[in-house]
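> Kindly produce the complete structure, drawing on both the sequences and the hints.
Chains as they are written, first to last, in the numbering used here: chain G, 236 to 490; chain Z, 180 to 300.
Do not take every clue at face value.
As the list claims (entries may be wrong) - Chain Z stretches covered by chain G per the calculated footprint, using a threshold of three residues with CB under 8 angstroms from any CB of chain G:
id : stretch
1  : 192-202
2  : 263-274
What the hints assert, rightly or not - A few chain G positions that, by computed beta-carbon distances, are all more than 10 angstroms from chain Z:
id : residue
3  : Asp254
4  : Tyr262
5  : Asp281
6  : Cys284
7  : Met295
8  : Val305
9  : Asn319
10 : Val339
11 : Asp341
12 : Ala364
13 : Asn368
14 : His379
15 : Trp438
16 : Thr441
17 : Phe471
As the list claims (entries may be wrong) - Simulated crosslink set (SDA-like; lysine to any residue; CA at most 20 angstroms straight-line):
id : chain 1 : residue 1 : chain 2 : residue 2
18 : Z       : Lys272    : G       : Leu399
19 : G       : Lys280    : G       : Ser292
20 : Z       : Lys272    : G       : Arg294
21 : G       : Lys314    : G       : Asp286
22 : G       : Lys241    : G       : Ile325
23 : Z       : Lys272    : G       : Lys241
Since the hints were derived computationally from the structure, they do not count as laboratory data. All residues carry an ideal CB built from backbone N, CA and C; glycine is no exception.
Each chain, written out:
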Amino acid sequence: MADAKKLLLKVQRYNPEKDNAPYLVPYEIPWDDQTSLLDGLQYLKDCVCPDLSFRSSCRMAICGSCGVMVNCVPKLACKTFLRNYSDGAIVEPLANFPVERDLVVDLTHFLEYIEALKPYVIGNARKPAEGPNTQTPTELARYHKFSMCINCGLCYAACPQFGLNPAFLGPAAITIGHRYNLDSRDHGRDERVQTMNTKTGVWSCTFVGYCSEVCPKHADPAAALQQCKVESALSFVTSILNCKKNKEASHGNKA
Amino acid sequence: MNDTTNHRGTSKRTNEPIFWGLFGVGGMFSAICAPALFLSLLLLYPYFGSGDDPALFYKFINTFFGRLLLALFISLTAWYGLHRIVHCLHDLKAWTAGRARLCYGAALLITVLSLISLFKC
Chain G
236 MADAKKLLLK VQRYNPEKDN APYLVPYEIP WDDQTSLLDG LQYLKDCVCP DLSFRSSCRM
296 AICGSCGVMV NCVPKLACKT FLRNYSDGAI VEPLANFPVE RDLVVDLTHF LEYIEALKPY
356 VIGNARKPAE GPNTQTPTEL ARYHKFSMCI NCGLCYAACP QFGLNPAFLG PAAITIGHRY
416 NLDSRDHGRD ERVQTMNTKT GVWSCTFVGY CSEVCPKHAD PAAALQQCKV ESALSFVTSI
476 LNCKKNKEAS HGNKA
Chain Z
180 MNDTTNHRGT SKRTNEPIFW GLFGVGGMFS AICAPALFLS LLLLYPYFGS GDDPALFYKF
240 INTFFGRLLL ALFISLTAWY GLHRIVHCLH DLKAWTAGRA RLCYGAALLI TVLSLISLFK
300 C
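Spelled out as structure tokens, the structure:
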């Protein structure tokens, strides 16, 4: 380890009980071609500063816990390799979220929005005794990409609209809701669109597209949001034609 | 920004789909149809098509169909551009009060004027 190459990692530190404001601290990190940023942070916690706080769990881009900003770009620390930052990097907590301590942010908003969009199969009366639901490859393909979301929150850190207005449901929550709307086993679309088709739902999105760029699982939330906008616009026209007041019409397009 | 939902099931309709629809149609028209129309009507048809006469475009514009095309182009691109401006102002946190009314009002005025000229000229 002593002979290893070293790079300079500037890590944002912040202890709300002691510090008035967050500040950057430079640390030297030993690295080789296989060292991830998460390995680097773990090295700091084990050997340099035991009080450094960051979230992590699976170390393989599945759990979505270790999102941080690396040189102002949202990244999963476990999927980011130090070999790509041999000149050093600045590591900060995810943007657009309140910081709790060091690299840990408060994801309450995000989790509440996911919950509000009911990310589970609704209205399927099938009993276990009747066997599993069958689904054709085409039906699966409709939502498969969107089901890749691991709730890491990188898209929220990337979204300028969420930064401007934290009431915006945001890319991941809408993508997850849309994933269930597209699922042939689900019948809960009408319940979800009530929340999705609002000003702070899909209509806060201005299709910047950065959410899809930073998504570590290529779930393409920007595409989900644009599809939701088309559905919301169709729903709007339908509700006008049906003279429904103050209520988005249910779409009824459950192919 | 006015919060129109509490994310707990109640919601209020937003008029955004209307403006987004016009923005989408206008953008499509500007990006795809307009270049093809300009190329064919302003260059290919007058200079290389039958007649070999640049004035053909003006003759075409003097027909009802020509004026309809022009009116559509002017009004749709106005909705497209002004919707973009509304969102840019929102992103810049500028001119919060009345920006939507002003921009969409301008687009509506341009649409009305282009439709009047369609029938008056």
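> Each hint: holds or not?
Verification of the hints:
1. 192-202: holds (count 7)
2. 263-274: That given contact holds, which follows from 4 residues of the stretch 263-274 of chain Z lying within Cβ reach (below 8 angstroms) of chain G.
3. Asp254: 28 angstroms, holds
4. Tyr262: 36 angstroms, holds
5. Asp281: For aspartate 281 of chain G, whose nearest Cβ neighbour in chain Z is about 41 angstroms away, the distance exceeds 10 angstroms, so it holds.
6. Cys284: Given a closest Cβ separation of 38 angstroms, the condition holds.
7. Met295: 32 angstroms, holds
8. Val305: Check passes; 25 angstroms lies beyond 10 angstroms.
9. Asn319: About 31 angstroms separates asparagine 319 of chain G from the closest Cβ of chain Z, which puts it past 10 angstroms; holds.
10. Val339: 24 angstroms, holds
11. Asp341: Given a closest Cβ separation of 17 angstroms, the condition holds.
12. Ala364: The claim stands: alanine 364 of chain G keeps its Cβ more than 10 angstroms from every Cβ of chain Z (closest is about 32 angstroms).
13. Asn368: 26 angstroms, holds
14. His379: Correct as stated: the minimum Cβ-Cβ distance to chain Z is 26 angstroms, above 10 angstroms.
15. Trp438: 4 angstroms, violated
16. Thr441: 5 angstroms, violated
17. Phe471: 4 angstroms, violated
18. Z:Lys272 x G:Leu399: 9 angstroms, holds
19. G:Lys280 x G:Ser292: 15 angstroms, holds
20. Z:Lys272 x G:Arg294: Judged against 20 angstroms, a Cα distance of about 39 angstroms means the pair is violated.
21. G:Lys314 x G:Asp286: Violated: lysine 314 of chain G and aspartate 286 of chain G sit about 23 angstroms apart, past 20 angstroms.
22. G:Lys241 x G:Ile325: Cα-Cα ~15 angstroms, so holds.
23. Z:Lys272 x G:Lys241: 43 angstroms, violated
Hint compliance for this structure: hints 15, 16, 17, 20, 21, 23 are not met, and every other hint is.
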